[in-house]
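Taking the hints into account, I'd like the entire structure generated from these sequences.
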Amino acid sequence: MATSGSMDFFEHQDVARKRSGRLVLLFILAVIAIIALVYVVVAIFMAWASGGDPEAPAARFWRPELLVLVGGGTLLLVAGGSAFKISSLRGGGRVVADALGGRLVDQSTRDHDERRVLNVVEEMAIASGVPVPPVYMMDQEQGINAFAAGYAPDDAVIGVTRGCVQQLRRAELQGVMAHEFSHILNGDMRLNIRIIGVLHGILVIGLLGSVVLRSAMYGSAFRSRRDKDSNPLPLILLGAALMAIGYVGVFFGNVIKAAVSRQREYLADASAVQFTRDPSGISGALQRIGGFATGSRVENPRSAEISHLFFGQAFTSALNSLFATHPPLVERIRRIDPSFEGQFTHRPESAPRRRDSAGTAAVSSLAGGGTEAAPARPSAAIASVGQPTDAHLRYAAALIEGLPDAIRDAAHEAYGARALVYALLLDETDECRKRQVEQLRAHADPNVLKETARLHPQVRRIDRAARLTLADMVMAALREMSPDQYQQFRKNVAALIRADEKIDLFEWALHRMILRHLEPHYRKVRPARTKYYSLRPLVQETSLLIATLACCGHEQEDEARAAFEAATGGLGVDPLEMPAREACTLGALDEALGTLETVGPREKRKLLTACATCVGADQKVTVEEGELLRAVSDALGCPMPPLLPGQSLV
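Per the numbering used here, residue 435 is the first one in the sequence shown, and the count goes up by one each step.
Read the hints as simulated data drawn from the structure, not as lab findings.
Cβ atoms here follow ideal geometry from the backbone N, Cα and C, with glycine treated the same way.
Accuracy of the hints is not assured; some may be wrong.
[Claimed, not checked] The calculated lysine-lysine pairs, modelled on BS3-like cross-linking and capped at a C-alpha distance of 25 Å, are:
no. : residue 1 : residue 2
1   : K925      : K965
2   : K958      : K519
3   : K868      : K958
4   : K884      : K965
5   : K868      : K936
6   : K1054     : K1040
7   : K884      : K925
8   : K925      : K936
9   : K884      : K868
[To be verified] Each pair of labels, with its calculated beta carbon distance range:
no. : residue 1 : residue 2 : range
10  : R544      : V682      : 45 to 55 Å
11  : D938      : R537      : 33 to 43 Å
12  : A678      : A738      : 11 to 21 Å
13  : P917      : G1021     : 19 to 29 Å
14  : G514      : Y956      : 35 to 45 Å
15  : P961      : V682      : 28 to 38 Å
16  : R895      : P917      : 27 to 37 Å
17  : A605      : E989      : 42 to 52 Å
See below:
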């Protein structure tokens, strides 16, 4: 069985950042080469235009002022073209899905194929600790393919072809989705968007040459008789040369894109096996592609531009060995299954249709309440960040299967999703709950209020440990609200939280999740950029974070201080002073996390390890502490899977 090596989530993020740096370096080298070529072409053109007079200034080949002019103009064109393209993709994955002809799948659909892929994606998202992403169906595409697109898990979408959901069995579809979630978790999507922008910027030179060439050719046809002695040939040659330079640049850019993409596909395949612990799933999907007449081909004309986003090779060309963004199928399969002999199996043109189910009955552990940790210790929580396992997948499937039908159905449509969030926030005391209901009666949609009243009794009975996971489930449906509905929903959530004039840990965690994962969908939110590669400048914020965790988990001052000291001892910075308990408010924690989000991946690992050490210092983890730890991890941009019953933290 293949593995993804010894890298964890934080190392994957670091590698993705370095790959982006290398891509920028290659881009700079390509632009320098293009500037040199454009300068040569323009210098020759101007010498020709000078009429052959060797004394004319334009006849000199080396002209620094011309180099500055050409270099500046080329840089402006390429940078502007790249910036324009990347800006057009600011909407996240849904912009890419729309460009490929994708149709947003209704979360409440009853179509068998659509329901099956939604169920698989939902399980994968919950197991990964990320919000459930929207799914787009490419109805006209019969090839077996899929993609993940976006800048981050917050705006990611999953796209699937109709052929993918019709031709693959559930285990195979699960393998494909695990591959795509690997791209989401490992930071590949942002790099993919940048590659699209870089190549478009280089292409602008070729497009400019095309405009010059057409202007020269068509312009010459309409010249007046008095211009009959003018010679359009230099301008035609200039346009042709610029076109050639631009398309040669794109040629080498595509070669770079293919080389970068192929290695990442191997890693994503290995991560998919690690996630599902079922090599036959992804191997079977790849074998199905090889034995299927249409293969993984995507007919949409934009598929070549976005080919590196797909699960399989979306298009072929005469130079496939150079431009192929994916390794050969046989090689991919053999890395997963060394016994594969290279013979692709053929089977009927549709997958067997069975009732879709997670196939698990292990739901009894989700029925109860309480705040105690369970006894088993299968793995470490920090090691699972961005690296979910089959245990998390089984847990997610069991959790979904164990939910009442009414809650599961409500989570898949916008009215029900809002009602579930409101129901989660309704207070246990009659007096406070009455104030909350009055708030909803005055400001919420009447249908949502009715749904809240219907669902509240069932929401109260679900396991407390499943509350944040339920919030993850409803995110895709909440994105279907209109902007006005979202603004009112956001105000209602804040009002429900303030109703008892205090904020508990669950309310804080839920509110942060809603803001973090829905705000980018409805507003322009500037993504956090890495600014710090050491915790030394952020001693105050680091101390506040760890101290808040210590105070929330330990009422006794000496126990809180012991937890703080145990956690901060491994941070590699000067001994930290523990702030006073009064300073450790959730509002102050919000501000600290806003700054700490900008540290590098390795520093985030140190922070989360310290947080987990602090929470587990007393050898027990309450549900509230687990929710707080997951919320902190989410705020740092590190998706933490659900804490498994009895899971060790570090």
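Okay, the hints, checked on the actual structure:
1. Taking the CA atoms of K925 and K965, the gap is about 32 Å. The hint is violated against a cut of 25 Å.
2. Our distance criterion of 25 Å between C-alpha atoms is met by K958 and K519, whose separation comes to about 17 Å.
3. Between K868 and K958, the direct Cα distance comes to roughly 36 Å. Violation of the 25 Å bound is thereby established for this hinted pair.
4. Restraint check for K884 and K965: not satisfied, since their Cα atoms lie roughly 47 Å apart, outside the 25 Å limit.
5. Proposed proximity of K868 and K936 is supported: the alpha carbons are some 16 Å apart, at most 25 Å.
6. A distance of roughly 21 Å separates the Cα atoms of K1054 and K1040; the hinted pair therefore holds under the 25 Å criterion.
7. As the CA atoms of K884 and K925 are separated by approximately 19 Å, the hinted pair is consistent with the 25 Å bound.
8. Distance check on the hinted pair: K925 and K936 sit about 16 Å apart at the alpha-carbon level, within 25 Å; holds.
9. Pair hint K884 plus K868 holds up; C-alpha atoms about 15 Å apart against a cutoff of 25 Å.
10. The supplied range of 45 to 55 Å is met by R544 and V682, whose beta-carbon atoms lie about 52 Å from each other.
11. A hinted range of 33 to 43 Å for the beta carbons of D938 and R537 is consistent with their spacing of about 41 Å.
12. At about 20 Å, the CB distance of A678 to A738 agrees with the hint of 11 to 21 Å.
13. At about 27 Å, the CB distance of P917 to G1021 agrees with the hint of 19 to 29 Å.
14. Checking the proposed 35 to 45 Å range against G514 and Y956 shows it is violated: the Cβ atoms sit about 28 Å from each other.
15. Checked against the hint of 28 to 38 Å, the C-beta distance between P961 and V682 comes to roughly 34 Å, which is consistent with it.
16. About 34 Å separates the C-beta atoms of R895 and P917, a value consistent with the hinted range of 27 to 37 Å.
17. Taking 42 to 52 Å as the suggested C-beta distance range, the pair A605 and E989 conforms, at roughly 48 Å.
Consistency note: the structure conflicts with the earlier hints numbered 1, 3, 4 and 14.
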